Amino acid sequence: MTNLNSVTDDRLDAAVRRLDPAATAGPGLSAAEQHRADDLRARILSTGPNENVLGRPPQDPTPTRGRPGLRWVLAGGAVVAVTAGLLAIPRFGAEQGDDRPTAPAAPAASTSHSASAVVPAAPTTALSDVAQNLGDKCATDLKKFASRPPSQAVGSFSAAQLDSMHTILGERHGAYDIVVLGNDAGYDAQCMYQVGGTEPSAKGGINPLETPSPSSVSVSLAGEITEGIVDGKFERKSGAALYGRVGSQVVGVSVRNFRGEVATTVRDGWFAAAWTDLEQDPSHEKATVTLTLADGTKVGPTPFSDLAERSIPDTLFYPAG
Amino acid sequence: MDMSTDTGPPDDEDRRRIRFETLYDATYAGVLRFVQRRVHATHAEDVVADVFTVAWRRIDDVPADSEEARAWLFGVARRILMATQRAEGRRQALTVRVEDDQVTGALGSGLDHDLVLHHVDLARAWRRLSPVHQESLALVIWDDLTSTRAADVLGISAVAFRLRLSRARRALRHHLAPSAASPTTPSTSLAPERSPR
Numbered sequence: 001m002t003n004l005n006s007v008t009d010d011r012l013d014a015a016v017r018r019l020d021p022a023a024t025a026g027p028g029l030s031a032a033e034q035h036r037a038d039d040l041r042a043r044i045l046s047t048g049p050n051e052n053v054l055g056r057p058p059q060d061p062t063p064t065r066g067r068p069g070l071r072w073v074l075a076g077g078a079v080v081a082v083t084a085g086l087l088a089i090p091r092f093g094a095e096q097g098d099d100r101p102t103a104p105a106a107p108a109a110s111t112s113h114s115a116s117a118v119v120p121a122a123p124t125t126a127l128s129d130v131a132q133n134l135g136d137k138c139a140t141d142l143k144k145f146a147s148r149p150p151s152q153a154v155g156s157f158s159a160a161q162l163d164s165m166h167t168i169l170g171e172r173h174g175a176y177d178i179v180v181l182g183n184d185a186g187y188d189a190q191c192m193y194q195v196g197g198t199e200p201s202a203k204g205g206i207n208p209l210e211t212p213s214p215s216s217v218s219v220s221l222a223g224e225i226t227e228g229i230v231d232g233k234f235e236r237k238s239g240a241a242l243y244g245r246v247g248s249q250v251v252g253v254s255v256r257n258f259r260g261e262v263a264t265t266v267r268d269g270w271f272a273a274a275w276t277d278l279e280q281d282p283s284h285e286k287a288t289v290t291l292t293l294a295d296g297t298k299v300g301p302t303p304f305s306d307l308a309e310r311s312i313p314d315t316l317f318y319p320a321g
Numbered sequence: 001m002d003m004s005t006d007t008g009p010p011d012d013e014d015r016r017r018i019r020f021e022t023l024y025d026a027t028y029a030g031v032l033r034f035v036q037r038r039v040h041a042t043h044a045e046d047v048v049a050d051v052f053t054v055a056w057r058r059i060d061d062v063p064a065d066s067e068e069a070r071a072w073l074f075g076v077a078r079r080i081l082m083a084t085q086r087a088e089g090r091r092q093a094l095t096v097r098v099e100d101d102q103v104t105g106a107l108g109s110g111l112d113h114d115l116v117l118h119h120v121d122l123a124r125a126w127r128r129l130s131p132v133h134q135e136s137l138a139l140v141i142w143d144d145l146t147s148t149r150a151a152d153v154l155g156i157s158a159v160a161f162r163l164r165l166s167r168a169r170r171a172l173r174h175h176l177a178p179s180a181a182s183p184t185t186p187s188t189s190l191a192p193e194r195s196p197r
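If you're matching them up, the sequences are chains A and B in order.
Quick note on the numbering used here: the first sequence kicks off at 1 and runs consecutively.
Quick note on the numbering used here: the second sequence kicks off at 1 and runs consecutively.
Isolated chain A (complex conformation) (with noise of 0.2 Å):
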C-alpha cells in the first residue's frame, strides 16, 4: 500500500480533498438550499442596509488589514513555539527568581533608551568593552553549566555551538545585564544577570532559528521578570531582549512597540534589542520590525508575529505515540 506520507503535495491535497465535509453537496444547491437562498435574497433586499432583517443583534465582523481577531490564537502559538524552542537554566540560588522561559512578553519601552529616533547600527560597528566584557563572561558561564551534570547540553549549549558564538549585545537595563549571543548556524544564547548578582539565568534553543531571506529577519523574544518580597516591600524587576537573525542586505533594524522606539544594535549577521519594564501581557505581536536594506530600501514595518521565528520541527509539537 503506498504510504500517504511519503507522496507530493500534489497527491496528499487529493486525499485530504475527499475528506471533505461538503463534497457530498456538491458545488450548487439543492432544490431546498435554493429555495431558502432565495427567501433571504428577498428579505434582505427587502430592507435597507442598516436594518436588522434577521432579528439578532448585527454582527460586523469585517475583515480588517489588522489581525486583532486572530491575535489571540498566535499569541497561543508562539507561546508553544518558545516552550518548544527554548532550552532555560535557572538562576543559581536565586530561590526567589521567577525565570520565564516561555515568557515572549510585551516589548516596552526601554527606560534606559529613551522613546526617540531609531539608530540602527552598522553591520561593523565594534563592541565597547562593556559589551564585550558581558558576552566573554556569558559565554564563560554558559560552558559552565553545560557542563555541569546532568545538563544534556544540546542546540546552543553544545559545546560545538557555543564555542563559535559571538556577542551581539550586552547592555544593562534596570536591574539587569542583558546579554544575547549568537553564532552563524543560527543558534542564539541570552543571559540576564541582576545588577549585583553573579550568576545569570540563561536561555537557549534546542533549534536554531529560522535562516531569514536576504532582505528579511527571523525573531525570538525573551524576558525574565523576578518578583518578591525584600524587606517586606514588593518588588519587581523585569528585562526583555527582542534578537534574531538578519538577511545579507540588511543593515539596519528599527524596533517599535506600542510605546515607541526602541534602539537596535545589528552585527554579524544578527540584530538585538533590549529593554527594562517588560510587559506581562503578551501583547508582543503589537510590536513591528523595520528594516533597512544596503540600497537604503525601507521593509516593513511588520508585525513582529508575521516574521520567522524558531526553525522547530513538528516533531516538537506532535509526539508520536
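Be a bit skeptical, because a hint or two may be false.
What the hints assert, rightly or not - Okay, the calculated beta carbon distance ranges per label pair: (1) B:Ile18 - A:Ser30: 20 to 28 Å; (2) B:Asp12 - A:Arg17: 38 to 46 Å; (3) B:Asp46 - A:Ala160: 53 to 61 Å; (4) A:Lys298 - B:Arg162: 21 to 29 Å.
Please keep in mind that the hints were generated in silico from the structure rather than gathered at the bench.
No experiment lies behind these values; they were computed from the predicted model shown.
By construction, the Cβ of each residue, glycine as well, lies at the ideal position given by its N, Cα and C atoms.
Based on these hints, arrange chain B on the given structure of chain A.
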C-alpha cells in the same frame, strides 16, 4: 411613512442592489459550503444569513474582484464563527470538520481497499492536527483559495500563510507516518491537542 433607509439617490441604490444580487448569486453556495465545513449543517444557513447581511450593509467595501470578494465573505464568515466560539468559551482557533464517520459519496463506491484504509488513516491524522493547521489546509484544498486569498481570510500575510501551510502539510505527513500511529491509545495522546470537534 416609508420605513426604508435613505441610502442616496435612486441610481446609487439601484447600483448597490445590482451589485449585491450579483455577489449573492455568485457566492452564496460557496459561502454555505465554507460554513458547513466548520459548523453543523443545522447552523450553517443562519451563519450565512449573517454573512450576507453584513455584505449588504457594507456592499461598497466588498472588493470588486470576484476572488477577492469571495475571500472577503469567507473572512466575514470566519469571524462570525469565531465570535460564536468565543461566546461559547471554546478555543480560539477555528476548527474544521472532516468527513470521517463513514466512507461516503464518491469514495464509497467502487474503491479499492487501500484507498479506504488511506481515508481512515487520513481522517485520524486530520483529527490530530491543530486547528490552525486544519484551517490552513481547508482554505486551500476544500475552499479552493490561493495562498494570497487564504491569507486575506485569516488576516495575515501571504508569506506567513505559505509558511503555515507548509507546516500543516508536514504535520499531516507526520501523523500519517507509521511511527505516529498509536492504535491502542489514540485518545490519550490526542487529549492535549485541540480536538477538532
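Query - C-beta pair Ile18 of chain B, Ser30 of chain A: status relative to the range 20 to 28 Å that was hinted - result: holds, 26 Å
Report task. Hint says 53 to 61 Å; check whether the CB-CB distance for Asp46 of chain B and Ala160 of chain A agrees. Result -> holds, 59 Å
Query raised in the report: For the pair Asp12 of chain B and Arg17 of chain A, does the Cβ-Cβ distance stay inside 38 to 46 Å?
Result: The hinted range 38 to 46 Å holds for Asp12 of chain B and Arg17 of chain A, with Cβ atoms some 42 Å apart.
Query raised in the report: Regarding Lys298 of chain A and Arg162 of chain B, is the given constraint of 21 to 29 Å on their beta-carbon distance met?
Result: holds, 23 Å
Checked against the numbered hints given earlier, the structure satisfies every one of them.
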